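Novice: Read top to bottom, the protein sequences are chains A and B. Per my numbering, the first sequence starts with residue 1, numbered consecutively. Per my numbering, the second sequence starts with residue 1, numbered consecutively.
Since the hints were made in silico from the structure, they are not lab data. It is possible that some hints are incorrect.
Claimed, not checked - Simulated pairs of lysine to aspartate or glutamate, EDC-like, Cα-Cα distance not exceeding 20 Å:
1) Lys91(A) to Glu23(A)
2) Lys94(A) to Glu145(A)
3) Lys91(A) to Asp164(A)
4) Lys83(A) to Glu31(B)
5) Lys83(A) to Glu101(A)
6) Lys136(B) to Asp52(B)
7) Lys150(A) to Glu132(A)
8) Lys91(A) to Asp52(B)
9) Lys83(A) to Asp133(A)
10) Lys83(A) to Asp202(B)
11) Lys150(A) to Glu31(B)
12) Lys94(A) to Asp25(A)
Note that the coordinates shown come from a computational prediction; the quantities given were computed from them, not determined experimentally.
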Amino acid sequence: MTRPTAAQTLGPFYNYALLRDGEHDLTQGGQHGPAITVTGRLYDGEGTARRDFLMEWWQADATGQYATSASAAFHGFGRCITKPDGSFAFKTIKPGAVPFEGNRWQAPHAALGIFGPGLMRRIVTRVYFADEDNTACPVLALVPEARRGKLIAVREGDAAYRLDIRMSGEGETPFFAD
Amino acid sequence: MTRIYDPFDGPSQPDLRTERYMRTGITAPAEPLIALLRTATETSGPVFGPADVGDTGIDLTNGNTVLGPLSVISGQVLDEDGRPVPNALIEIWQANASGKYPHEVDSRPAPQDPNFTGAGRMLTNSEGRYRFLTIKPGAYPVPNSNNWWRPPHIHFSLYGDAFASRLITQMYFPGDPLNAVDGILQAVPDAAARTRLIAQPDESLGVHEHALGYRFNIVLRGRAETPMVG
Numbered sequence: 001m002t003r004p005t006a007a008q009t010l011g012p013f014y015n016y017a018l019l020r021d022g023e024h025d026l027t028q029g030g031q032h033g034p035a036i037t038v039t040g041r042l043y044d045g046e047g048t049a050r051r052d053f054l055m056e057w058w059q060a061d062a063t064g065q066y067a068t069s070a071s072a073a074f075h076g077f078g079r080c081i082t083k084p085d086g087s088f089a090f091k092t093i094k095p096g097a098v099p100f101e102g103n104r105w106q107a108p109h110a111a112l113g114i115f116g117p118g119l120m121r122r123i124v125t126r127v128y129f130a131d132e133d134n135t136a137c138p139v140l141a142l143v144p145e146a147r148r149g150k151l152i153a154v155r156e157g158d159a160a161y162r163l164d165i166r167m168s169g170e171g172e173t174p175f176f177a178d
Numbered sequence: 001m002t003r004i005y006d007p008f009d010g011p012s013q014p015d016l017r018t019e020r021y022m023r024t025g026i027t028a029p030a031e032p033l034i035a036l037l038r039t040a041t042e043t044s045g046p047v048f049g050p051a052d053v054g055d056t057g058i059d060l061t062n063g064n065t066v067l068g069p070l071s072v073i074s075g076q077v078l079d080e081d082g083r084p085v086p087n088a089l090i091e092i093w094q095a096n097a098s099g100k101y102p103h104e105v106d107s108r109p110a111p112q113d114p115n116f117t118g119a120g121r122m123l124t125n126s127e128g129r130y131r132f133l134t135i136k137p138g139a140y141p142v143p144n145s146n147n148w149w150r151p152p153h154i155h156f157s158l159y160g161d162a163f164a165s166r167l168i169t170q171m172y173f174p175g176d177p178l179n180a181v182d183g184i185l186q187a188v189p190d191a192a193a194r195t196r197l198i199a200q201p202d203e204s205l206g207v208h209e210h211a212l213g214y215r216f217n218i219v220l221r222g223r224a225e226t227p228m229v230g
């Protein structure tokens with residue numbers, strides 16, 4: 001058995017190579033559910049909005065199933081690079097609840113992978129939705145109760161959600177071991 | 001088959017905080033990372049097809065004459081059991097021969113090479129193999145770093161069979177004296193893991209009297225569950 005190749009930082013000079021038009025829009029291949037937007041800003045430990053962080057979004061479809069082929073109706077994956085004001089935006093559909101062992105369910109969520117200049121490797125978190133029942137999610141339950149709210153996007157009008165990411169320090173977003 | 005994706009930690013992965021690089025203390029989480037169960041979310045992942053590769057392609061020279069030593073970079077993408085990972089999306093990007101990226105944030109007054117694209121993209125074949133034609137990039141100084149120069153390197157982005165197997169890394173060139181003093185390569189504590197980030201010269205991969213050949217194999221996270229014995 002061989003250990004996985006070591007990760008190395010994304011660095012600052014990648015966007016011409018990694019991002020194509022519209023990758024933040026998961027509904028490009030057809031909508032397959034009511035469209036929503038999730039926007040926010042990414043801040044570092046000094047409260048500075050940070051540009052050029054790569055955010056990767058992975059979610060199930062409206063029935064809680066993950067795509068298993070490139071020709072799936074809903075691909076479930078998007079990428080976005082934070083703008084100079086630290087902002088990011090994804091357009092997608094609300095995922096369904098995802099099965100979990102023991103006849104339990106994970107509340108609707110997306111996995112978020114974050115890479116950036118000054119991040120030596122990926123860190124991961126999740127996005128939940130304030131208008132869903134998150135109380136019984138076995139993964140959200142792993143997060144200390146006082147910090148859970150930082151993973152839950154708040155509703156900002158019809159079909160629009162907002163969640164800021166704080167990489168470190170005051171109000172730090174809970175991150176999971178990758 | 002149940003697949004296992006062990007957490008990223010230990011000496012074969014870089015620490016989130018390092019002394020030298022871009023003030024990692026303000027981007028690395030201060031709170032401990034929360035141990036995550038591997039659920040359907042982490043053991044599934046995006047699947048890519050030829051339509052995702054687009055026009056970027058495998059020839060970073062676009063058939064043009066470019067500055068720098070032409071080099072074929074080729075290898076195999078494997079899982080932790082040594083099995084090939086087919087259909088993995090690989091994206092690479094790099095500086096040109098003078099250590100300059102075609103990026104607005106790279107403000108150093110070094111020349112661009114208009115014939116060199118600096119980016120490649122392809123899917124691994126059924127044996128997990130990939131191949132790019134490019135150049136060995138130049139070294140360049142890290143801003144505000146007391147004259148730390150990055151060794152020549154190529155950035156690699158890979159999607160394997162799951163969200164948990166996602167990898168972004170950098171490939172280095174053998175024999176470069178800057179490798180031993182690079183704050184990013186040396187942030188990987190384990191010497192063997194660092195060595196695996198350095199490509200190996202391989203004449204059989206090059207093009208006679210045209211391009212050098214380098215082999216760089218990549219291992220993505222993921223292995224078969226060990227059967228229970230007894």
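Novice: So, against the hints stated earlier in the document, which numbers end up violated here?
Specialist: 2, 4, 5, 6, 9 and 10
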